[in-house]
Structures are given as structure tokens and as C-alpha cells.
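One-letter residues, chain by chain:
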Amino acid sequence: MTALSPTPSKKYDLSFARWVYDNVDGGDRLALCMQCGTCSGSCPIGTQMDHGPRKLFMMIRAGMKEAVLTSNTLWNCVSCYNCVVRCPRKVPVAYILHDLATVAVREGYAEARNSDNARFAKAFWWSAAKYGRTDERLVTGKYYFSFGMAEGYKRGMANLPIALGMIKTKRMHLGMPHACKNTGELHKVLAKAAEIEARDHGKQG
Amino acid sequence: MTERKTGIYLCSGCGIGESVDVALLEGVAKKEFKLDSRTHACLCGDEGVAMIRADIEAGVNQVAIAACSARVMTDRFGFEPIQVLRADLREKVTWSHAPNHEDTQALAEDAVRMVLTQAGKVKAPEPYVEGEWSSRILVMGGGVTGLEAALQSAALGHEVLLLEKSDRLGGRALDASKRLPYRPPYAQPEVNDIAGLVARVGAESKISARLGCTVTQTSGMPGRFMVNLSDGSVETVGAIVVATGWRPYDASKLGHLGYGASPDVVTGVELEAMLKAGKVARKSNGAPVKSVAFVQCAGSRDPDHLPYCSSVCCASSLKQALELIEAEPDTNAYVVYQEMRTPGVMEELYRTAQSAGVIFMKGKVKTVGADLTVTVADELIGEDVPLAGLDMVVLATGMVPNSTNPDQPAPETGAEQLAGDVDPEAPFPVAGYCGDAPPAHAKREQAVPEGGSLLNLQYRQGPHLPVLHDGFADSHYICFPYETRRTGIYTAGPVRRPMDWAEAAEDASGAVLKAVQAVRSASAGAALHPRVGDLSYPKINLNQCTKCKRCTVECPFGAIDEDEQTYPIVNSTRCRRCGTCMGACPVRTISFDNYSVDMLSSMIKSVKIPDEFSGKPRILIMACENDAIPALDMAGIKRNQWSAHVRVVPVRCLGSVSLLCISDALSVGYDGVMMMGCKPGDDYQCHFVKGSAMAAERLSKVGETLKSMMLEPERVTQAEASIADADRLPKVIDAFVEQITAIGFNPFKGF
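In the order they appear, the protein sequences are chains A and B. Numbering-wise, the numbering used here puts 61 at position 61 of the first sequence, and it's gapless, one number per residue. Numbering-wise, the numbering used here puts 84 at position 84 of the second sequence, and it's gapless, one number per residue.
The shape of chain A in the complex, shown without the other chains (with noise of 0.2 Å):
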């Protein structure tokens, strides 16, 4: 079970902020933050960004959920952690944008789960908790193909050419993908972990 963040359908919404400082990882000290824009100065790729981290924070005061979790800034983050690191407040900016994207998909935001990165780190995820191990073949294979049959086949043939060359100097293997040793206790472990992360935002809900 898992805690929807408040109304949705409100522009601005006044119990956003709380519900954030309450249930998002870092969210805590989210609330220590001080706009001093360190974040946003740092980020290799703030030009990339709808909104910058510390501008971000704000519209979480201000209760504009809509415009946060749309927001391509949770995608477009490259997990540098020069945010992070050099946050005066200590406040995890990278870890805090990670986990709004969570909350963008978990909330069925569309642009959320259409955007280039969500397909990506959904085929990501995908091949490391099947296998514990990512496989070239089988990620770009499932990021391509989430656009759609025709349209997985015309990225896929335009990348052919690399994907020979790698496999000619051995950078890609054929045959079975790659695993971890055992599958079975990965599984485990995550649905231990799924298990947890349920009930902790069922509690808070």
C-alpha cells in the first residue's frame, strides 16, 4: 500500500510541502533548505532543467505538486552529487530528486512515465532485478521497443552498425545474458525491500 501525496488536481496545494518533508527520502531535511541556489549553481546540466533543484524546493512550498512532478528535473539529473556535496544545509538534493521521480510515477503522471529517462530506468531496473546484472541487448532492446513495435525497430536497425562493432571487439557478448549467482536471493532480497518500503509510506499515510 502506498500514501498518495495530497489532492492532486490543486494547483497549489498547502499540505504538499509537509507531505513531502514527511514522505520523500531526504524530504527532512529538505526542510533546512535555505535558497541559497548552491544546488542549482553547481548542476552541470541545470541549463537541461525545467526548474533548478533550489527552485524546485520552492514550488514545493509553495504547494505546486502539478508543476514539481511533471517537472523534467527529476529525470534530466545525472546523479553527479555536487549538489550534495557541497549542499551548506546538508540537505541530499540528488537523492530527494530521485525519489520525487518515484512519486511521478508511482502518481501516474504521464509525462512523468513517457519521458526518454522513465522508459530508460524502467528497462534499467528491469534487467538488474531479473538478473542482477544489466545487459546491453536486453535494456536498450526494452528502452527501444517501449516507444512501440515499428518505432523500437527503426532506433534499434539505426544502432545496428555500433552494436556489430561492439560485438566485434567483444564490448557485447551473444547467448545467454549475464546474472548474478543467485537470482533467487536478489529476488528476495527486493521484495524484502518492497515489503518495507510499503509498509513505512502505508505508515505515514
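By construction, these hints were calculated from the structure, which means they are not laboratory data. Beta carbons: idealized from backbone N, C-alpha and C, even for Gly.
Here chain B is said to cover these stretches of chain A; the calculated rule only asks that three of the stretch's residues, wherever they fall, bring their Cβ under 8 Å from a Cβ of chain B:
1) 11 to 18
2) 27 to 41
3) 51 to 62
Computed spacing ranges between beta-carbons, pair by pair:
4) Ser355/B - Gly41/A: 23 to 29 Å
5) Glu107/A - Arg351/B: 30 to 36 Å
6) Pro44/A - Glu339/B: 28 to 34 Å
7) Pro713/B - Cys36/A: 52 to 58 Å
8) Gly108/A - Ala287/B: 31 to 37 Å
9) Gly37/A - Ala195/B: 44 to 50 Å
10) Lys283/B - Gly41/A: 44 to 50 Å
11) Ala287/B - Ala150/A: 55 to 61 Å
12) Gly37/A - Glu328/B: 30 to 36 Å
Got chain A sorted already, so can you dock chain B onto it with the hints?
Coordinates of chain B only, in the frame set by chain A:
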């Protein structure tokens, strides 16, 4: 009176002997003043001091010392009750001018001439100590500040009369819930222990408290104020501590922030009372408050309301938000601020509030609707954000000082005193700036405090305590906090500047120490700040007085009243001994035992003026003892050099300089005169408030006179000096010397 017997002592130590010929200085004393001087290589050493003491035992009753600056070695060269006069041969002569140069030698010789001339014109002051003196301290106001002041005064052994306008002691703290943090780690609201404070005051036998009592009239002076009370009694007290506190800004003027539109828009003071009562609920329907927005700077830092920051509203709102969250952890508390101002350790409370989940929004509130929707122009997002669905809006209103009694009508006289002492519309530059001042801010308007006077002073200059900007009663909150412009009356707490409980308690100690000093000095006839311990006081020869009233009007402290025949009467313990009256008097009939127009003029005239063929100008600097002289001393200590053609005469305040001194200087052949003193004006640094402003005003009228004498008006100027100007002043002096040299010599030279 015993015959004056002056001893002159020269010191050749600290480089003086290597730089000037001390034997020639001895010659000046011998030839021109018929005095045998004694020289010592280390006059301040035991041997030198013993030499002077031996002479005093042998009959010397006035000591003139030509050595270091008068500001140093005062303990070594203090021979009470023998009068000691000092001439500076060190800082302002040998350390700041070329050694073994004829101009430096001339400078040193003139220093000896000036001090020996001065010696002939002064006597040791006899203090005014007649009559009975009271050591009782009147504390006005029974709030935190007043209670603390009463306790502190009693602890110092003084009887205290504690007046409280209402019928209970405790003041505004009685209606407050918790108090702001005041002890480490300064992170949590603290218990409000006002009842304990009131009990401690009640248990103190030296304090007699009168409830429901105000002052109807105050006359007299420090040491013997006669205070008429509203209960009909008349009490004599030695000093007065005004701790009348504050009142919240009138929220009914804040319609633009929704006050009055909904009962759920309340002020911080109203919420505080609800917290104190233990029940916070919506006034409209009694429902609990789940979601609340605090609007900071409600009517503060707003030119249409209070132009200033009250400094405690931010912390108060933080505290209230924390109290609400503590009572109900799910409470959604928004604080809408322009700048969060949590001075000092109050930052810790801010952090606590952040950690507790209080939500902060930076921006101006544009509107507050009747449905409690607060629209914020959010500066950090860059758009208008509506906060809808709130249960309560709290306006953090500012503090208005009780410099007047708002319950009483304004008296017929004195309103102009509140409005006129500081021009409310005067542009004011950035305060506390040394050197070239940055451009002034735009003019701002300021309301005159409304209501009756607190003390109803029976002073020539009106019933009110003069106020500074924004209606706070003080005289200079950086340099002389607690002092009002009425000697012996001190302000403490929020009537002086906005502050919280802990600061007010500290403020009370400061004001009490001042009041105790006032009481003790009054009975000894000694002056208070800044001429602490000065026993002289102005004496007026009424036979020559023309009743022009300039002294009674210009005294910065209202020390001089008028009798039935409009002759001036000096209230000696109200006087701070600046001599502004002396400088004002057109017939020069005001003087001190040790300071007079005659003394200054004689010192000025004692200098040897070289003739025009020498090519050496002579320039007079009348320098204020408070800032200009110490700055020049420091310039000497830093070995900064300046022209040897100037002669510096220290004065108590530029306000004490009579225009006669200037005309005397020009008539004996000085080529230029510079008045060097503190910054006048609204952000004055004058230690006597208005002295340098008075000097500037008088000087503005000198130009015409100079023209009629066929002299260039540029020969006389006023220069601003601050204590930090050690590097700047030598340049100012040299530039003036250059300017005067360019104008040419004074045509009166040699006549």
C-alpha cells in the same frame, strides 16, 4: 584667595628632547612668563612625579605640564585638588613634524606659550554641591524592563520608586505565552517566568511600587527631581529610568492585509494571548487551526506605516509557529517573509523551526482575502502564489515606542519639540560611515509621536523627552545608549529601540548603572558623560546678561531655564559642561572656572605670528576634544606628518567656540581658521548632540562679516572629524594650509 603659584614642567623623553631644543622652551617660560621650568627626561616616571609632588608641598598650586598628550598619563599627572594643565609636545608636535626643524621648534614654543597663558586665566573649579540630594531612583513602567531596573537599582543599594500605569505589575509579558530563547543552546522557546520576576520585586524591601500611577509633572534636576504623581503625592528622586515599553502597531490601519475583513486575521499579539490561554481556535467558528500563515513585516519597513524593523517579530512568529506545531504536530505553518531577521543566537530558533517543518516563503504579501487566501508575490519562484484554505492569518505587527503617553492628549506646548528637534523629513545618509559619505537616502516622512508627555518636564525647552528618528527616545543609540537629551533621565527597553525580553533585561542594567552614576555624581557636583567627573559648571554674570535667551534655547540638554524676569538660571546637574551656552552668548558673560572665552582668546593670541616676509602662514585649528583631538593624537602615534604652520587649540565642543575667538584670531594675524569637530546633522556624532550643528550654524553667518572686513570667507572653515580619521586629518589640514597659502596672507598681519 591664595595667590596663584604655577609650576611648569617639561619632559624631554619619548623623543621630545631629540627633536626640539628644550632649553629654548625653558627660555620662553623664563623670559615671557617669568617662570623657572623644570625639565626631566622621564617626567611620568617615579622620579619626575616625585619632583612635581615636592614642588606642590613647597607651595606650587597650579601645575603646567608640557609633555605627552593630555589624554595619556592622567593617573601619573593627577595631583588632586591641584589643577593640572597639559601642553602636548609629543603626539601633536615631535611625533608628527620634522625633527630639529625651526618650524617644529616654533610649534613647541607656542605650545608652552599657550599652556602658560591658559594657566593665568583659569582656576581649579569649585563644584556646585549646595542643598539636599536624593539617591532614590524612579523607575517608570512595571514591565520586564522596569522590574529588572528596579531589582538592579535595589541591588546597588538604592531606594526605588516603581510606577506602573495599569493595576498590575508584569506588563506585556503577562499576556505572553512562552518567551524567546535566552540561554544556551538558544534553540527552544523558554518558559515565561514573569510571575517569578514580579514576586522577586515584591520581596525586595527597597522597592516601593505604586500601581495605577502616572507622573503629572517633573521639575528640578538630577539629584533632586520633584515628581508630582497622579495620586496627588510629590516625591523627590535623584534619577529617572523610563521603561515605558511599547505597544503594537495599530492593526486597524492594516486593511490591505485583511485585518478587519475576517475575524480570523489576527495580530501576533492576539495569537500570543490565545497561546497563553491554551486555546487556539478560529474566532469565526471556534474550529481548530490546522493551517496558518504568518505575515511578517505587517506594517513594518513600510513607508506608509512603520518605516523601521522591529527586530523581534520574526523570532516571535517562529516561536508561535513552534508552539502551534508542538500542540498539534500536523499543523501547516507558513511564514511569509521579506527577509528573515533573527539577530544573533536567534538563528538557532530559526533552524529549529525549519527542522520542525515550518514552511518559509520569501516574498511580499499582495492581498489577504476575506476567505483568508493570502497571495504572495514569491520572489524565489518569480510568480504570485495563492495560499488558499488557511484557517488563520497572523499579522506580525511591529513595536511602537511609548515615548509619549498615548492615553493622554498632547500638551499644548512641546509638539514642535518632538517634531523640530530632528527634522523628520531630512534625508539621512548611511550612519556610522567614516570618510566620504555615500549619497543620502531619499527623504522619508515620519509621524510625530502622539499623546501626552511622559514626565511633563517643567523645562524651558518643553515637557517632552526629545526623540530620535521613528519616535524612539534616545540621544545616540550607538555612542551613548540609555542617555536621553535630558540629563539624569535614562531610557531602557523597547522605548529606546525594539528588543525582546532578554535584551530589555540587559538594557535595564545599563540604564540603572547610568542612573546610579547620575545620582552619585550629582551630589558631588561632577559632570556625567562625556565629561565625566568635570567639576566646573557654567556661571552667568547676570549684570551683563541682555536676556537674549540664546543660551536657554541652544543648550542641547535643556539645562538652562528662565526666571520670572526671563533671566537664565543654570540647573547645574542637568548640565553636561559642553559650553554651547558659552559659545552662544553674544556678550560672553557665561564662563566656567576652568574654561572661558577669555581663556581661549588669550591662548589664541599668545602664539607668535611670523610676519609676512617670513613666508610662513599661521593657521588656527579649534579642535574638539572628543573626537578630533584623539584622532590627531593617533595620527601622531602613527607618525603621520602634517604642516607645522597650524596651531591646535583643544575645545570642549565646537559649540563652545564663540565667534569672538575667530575674529580675534583673524585680527591678530592668523591667515585661516579651521573648526575641527564631529559630524553635525541628523546622523550627528557630536558628543553633545547639537554642539557641532550650532557651530556650523554660527559659522554660516560669519561669511558676511568677513567680507565686510575685506577678508575672503574661505579663510574660515569647519571640518568634520571622526575618531577613526588618523590618516585623513593630516591631509585635510595640509589641503587647508595649501588653500590658505594660495589665497595669500592675512592683510591684518602685523597691525
